[in-house]
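Engineer: Fit the two chains together into the complex; they arrive one by one in their own frames, and the hints show the way.
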Amino acid sequence: MTEDLAGEAPETLALTKAPTGIKGLDDVTLGGLPKGRPTLLCGAAGCGKTLVAMTFLVNGATQFGETGVFMSFEERAEDLAANVASLGYDVDGLVADKRLVIDHVRIEPAEIEVSGEFDFEPLFVRLGYAIDQVGAKRVVLDTIEALFSGFKDQAVLRAEIRRLFSWLKDRGVTAVITGERGDGQLTRYGIEEYVSDCVILLDNRVYDQVTTRRLRIVKYRGSSHGTNEYPFLIDDRGVSVMPITSAGLQHRISSEIVPTGVPDLDAMFGLGGFYRGSSVLLSGLAGTGKSTFSAWFANAVCNRGERCLYFAFEESPDQIVRNMRSAGIDLQKHVDSGRLLFESARPSLYGLEMHLTRMHRDIVEFKPAAVVVDPISAFRGVQSEIHGTLLRLADICKERGVTAFFTSLSLASDHTSEADRGVSSLMDTWISLTDVEASGERNRVMYVLKARGMSHSNQMREYLLTSSGVRLIEPYVGQEGVLTGAARQAQEARERSEAWERSQAVARRTRELDRRRASIERQIAELRAGLEAEENEFAMLASQEAGREDALTADRAAMAAKRSAAE
Amino acid sequence: MTPDAEITSDPAKAGHYNLRLYVAGQTPKSLAAISNLKTICEEHLAGMYTIEVIDLLVKPQLAAGDQILAVPTLVRRLPPPIKRIIGNLSDTDRVLVGLDIRSGETPPP
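Taken in sequence, the protein lines are chains V and W. Residues 1 to 567, numbered by this note's numbering, are exactly what the first sequence covers, in order. Residues 1001 to 1109, numbered by this note's numbering, are exactly what the second sequence covers, in order.
In isolation and in its complexed conformation, chain W is listed as follows (with noise of 0.2 Å):
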């Protein structure tokens, strides 16, 4: 996890997508994700999206602040509503499904 933030558009334009990404260590699950989620974004989201990827091993306390429950975890904060998503993302569909994405569609701001 050597990047904590991954910016790759403006966060303060209107339907960006500001995603964290829970993990809890270099565990083949959390790896798998981060690597979904990137293929993911590019593909549905490119130059609007934003990953934060947490390493709870290191932010401990941040498991009971975000109310994390399993890992690997993936929080939509923006655009609302929250949403979240558990696994290792790698059914893209749901994951498109829990991120309020239709392939190649613009979501709604």
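Chain V with its partners taken away, still in its complex shape (with noise of 0.2 Å):
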């Protein structure tokens, strides 16, 4: 869902503007803040105002080969360089190459008596000099309202203040002034009035005892920008912010089809698989084996010389490697191979859009093929909340045309807990693994429960988790419904021997009717002789009444010649 602003933005062509190097503030911007001048950065204490500057300055240095000063009215130059260490920054290197100016104005009010006028020339004359130094286009102030504890005039500091701001704008830097969020208005001591080009507000909240940092564009002018709150991350990686907009359903989609890891089941679908870049779901009570599925699914994708990332949010990676070795998966070779990435972290760590932003930096600088979250069902929060998460990390899989495998636990015996019905839509592919008891046993047995785009089948399918793969067994359906485990030997035990029986009075039936045919055909044969021996007398005593008549007519003939002879 990064934003795609750029086509309604025309007015970008007349501003030019400096990439800050950050991943998605970027985007949310349209490329960056606006070049040659200033750009209030503000927020609260401990939001990552100093951080994300120094981001900026560096990635200027070291990808855009832009240098760049560092003003620090707070921190001293070499507690800077040792803070933004953790970030990977090498901030004394890029001094050393002349491409980076740390300067720390060192403010101490206690010092400092006051007579009669005075200016703050020192401040450009240093600035001017800093930046001579490098050359530098950029430039931060960090934070530059720390000027007004030290010193009471706030009139002569104000115009200063002004001063310096347009004397930037000549300079023609990209400039960055920090300020601390104050009540009612931006920064403590109102500077934003004085810088009007752009305002970016960061914002660290706490919600049930877990932060989330926040980002959002106040004003940009002569530019469009992204007007909502983007959740960012400060890690050992930088700075990323993740542009969120509402859910895109733009995205190209693939009929390529991807095992899943587990020959059995992908005879369960229509085409043999998931579609790739499609998102699946694998609901299960505890220990029905989901992270073993998903275990397989990983392999199926690393074997096939894919990348595959794994978030784990209960087990860190080595248990998970561990525990898979008995389920017949070495996934270390993945891991060693850099097919597979395990990203664990207790759900805990961070808020949702942490999470999510994690993930997303994750899966853009790992390029999967593949990611599998197990589960989905450990984050806790508002509901509503939770399918936001689950919807953009499903957005940005389908994006990026990643396949999807998502593991969530159900709670309550009933198949559809809440947690999976929230999410079920956002799923294209369902299975549900479930267990049946019965005959003092617990057997496993799954279905599928939906296949977006291609047949699947309706069949309940008992597995076992064997040390050399899940395995599927043909279901028994019968009057007794399906049967699992013992209970289903047992019925097919007895239905052999029911089939037995019955095969045996089949063969009774059939002597006796051999029997029977046999005597009836006897019968016949006798009727039949019987028939031929009346039909043979018959004849007999036809020829002879022919005979006679034959005598009767000579007879005849012979008395009436004899009587004309007479007559």
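Mixed in with the good hints, there may be bad ones.
To give a feel for the contact side, a few chain V residues facing chain W, derived at Cβ under 10 Å [claimed, not checked]:
no., residue
1, Asp103
2, Arg106
3, Ile107
4, Glu108
5, Val114
6, Ser115
7, Phe118
8, Arg126
9, Asp132
10, Leu147
11, Gly150
12, Phe151
13, Val156
If you are wondering where the hints come from, they were derived from the structure by calculation, not from laboratory data. A virtual CB, placed ideally from N, CA and C, is assigned to each residue, including glycine.
Structural biologist: Now the structure itself:
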């Protein structure tokens, strides 16, 4: 869901921008901060102003060939270098290379006595000197409001700060000015009124003891920009902002099929697996082998030579590798070959959006073909937020054609727990694992609840987690319903004996029939013999009769001849 | 700012005032500060001060090196501790307080 506002912003052609190199921030600002103008970066204490500002300079020096000056009014140069070293920035190296200048302006109110008029020309001199030293294009003032604590005469100070900002503009440097959040205004001393080109607000909110960092572009003169609050992340890989808007559904889809890693399960899908880039939910009760299915899936991805990113929220990578070895999967070799990357974190480590930002960053960096999230039910929080987070995650994956494999722990024995129902509409494929308790044992049964865009088996299948893989067993479906385990075996035995008895009965009937057929045929033969005898007798009688007729005729003729002779 | 330093006494002597005045160019404020400073020193520290005037436009690196934020800034480098006074030094009382000088008194060594 990277924001694509570029089309709506023709004026960006007129305004050149200085890219920050911060993932996401350049998307949100459509290219970076206004080049040659000051930008105000404000926020409460501890929300990352200094780190974001330093990132702007370091990235400028390392990625965009723009040198920078960091003028710190709070931290000493060596403290600053040490602090940002945790983000992987080699500030000292950049300073030695003359790509960065750090100038610490020390303000000690107690030492300063004021007598008569003064101005802040040395600040300009210092800044100008530092800029000239390295030919700086970027300047950070962190945080200039510290001057207010040192000097009572605010009228002079304000006039000088105003002059400083216009001087920075004249010098053509892209400046970032940080400011502490004040009551009812963006900064404590209201310096936002002098910086009117771009204002970025950082926030660090605590909800339910979990903090989430958020960033918002308050204004950006002469450019459109993303207006939402975007979560951002500061960790050992620097700063990243998550550019999220409402879910876009314009992603390209693939009709390629990805095997599930379990051959028997492939057979349950009409096309032999999941669609590439689809979202798969595997929900199930505790101990139904969700992680095992996940591992087989990840294993299959890696065996194809593709990369898989495995987000584990309940187990450490080592634990998963060890446990899956017992299931017959060697994940270690994929980890060693760099195809499989585990990212383990406790869900409570930070807020949902921070998790999302981290996952987004990892997905962008690692470019996996598939992602496993085990399990999504580990996230705790407001249901709508979890739903929103998963929606975004699913969309992030979809957008990149990454097959997403989510597991979810069903809490109650009913197969659709609250969490499943919430996310089911996001999922293209949903496999449910459950168990059936009968005959004093517990057997695992699975079925495919849905598979968008392909036919799938509607059968409940019993499966076994063996050391050589997940094996699905041909189901027993009969009058008694679906039976599993020993009950299924008993039923099958019973059926076999019944079948034997039935075949015995058939044989018996066959023999009886044969006997009867023989006896009836015998009777038929007897009757036929009797009939033949009668027919013979009749023929004989008939011929005798014919002989007598002939004799009588002859006699009559003879007699007539005799009589006519006599007359 | 023709004279960079103006020595009126032996700098090694105890109780000697080593003063440095930072300015940025020959602005009215700078000139006023220089003349105010001289007047005050002559009046209160005659024979025991050194004034060094530094133009930051000429030596910009000293702005960072000496942590100068505002001009004119008067720094009392000796005697310790270091004291700073900013402004054109038009308020003589505040300068005296800032330099730890009481009118006519010699400060403790």
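Engineer: Are Val114(V) and chain W close enough, Cβ to Cβ, to be under 10 Å, as the hint says?
Structural biologist: holds (5 Å)
Engineer: Would the hint on Phe151(V) be counted as holding, given a Cβ-Cβ threshold of 10 Å to chain W?
Structural biologist: Cβ of Phe151(V) sits 7 Å from chain W, so the hint holds.
Engineer: Double-check Arg106(V) for me: the hint is only fine if its C-beta lies closer than 10 Å to a C-beta in chain W.
Structural biologist: holds (5 Å)
Engineer: Are Asp103(V) and chain W close enough, Cβ to Cβ, to be under 10 Å, as the hint says?
Structural biologist: With Cβ-Cβ at 5 Å, under 10 Å, it holds.
Engineer: Please verify that hint: Glu108(V), Cβ, nearest Cβ of chain W, below 10 Å or not.
Structural biologist: holds (8 Å)
Engineer: Identify whether the interface hint at Leu147(V) stands, where standing means a beta carbon of chain W within less than 10 Å of its own.
Structural biologist: Since chain W brings a Cβ to about 8 Å from Leu147(V), closer than 10 Å, the hint holds.
Engineer: Regarding the hint that Gly150(V) lies at the interface with chain W, is the smallest CB-CB distance below 10 Å?
Structural biologist: holds (8 Å)
Engineer: Checking hints one by one. Is Asp132(V) an interface residue toward chain W, by the C-beta closer than 10 Å rule?
Structural biologist: holds (8 Å)
Engineer: A closest beta-carbon separation below 10 Å is what the hint needs, so does Phe118(V) meet it against chain W?
Structural biologist: This hint holds: Phe118(V) lies near chain W, its Cβ roughly 5 Å from the closest one there, short of 10 Å.
Engineer: When the nearest CB of chain W is found for Ile107(V), is that gap smaller than 10 Å?
Structural biologist: Ile107(V) check passes; min Cβ-Cβ to chain W is 7 Å, inside 10 Å.
Engineer: Close enough to count: is the Cβ of Arg126(V) nearer than 10 Å to one in chain W?
Structural biologist: holds (4 Å)
Engineer: With a cut-off of 10 Å, does the beta carbon of Ser115(V) approach a beta carbon of chain W closely enough for the hint to hold?
Structural biologist: holds (4 Å)
When the structure is compared with the earlier hints, no violation turns up for any of them.
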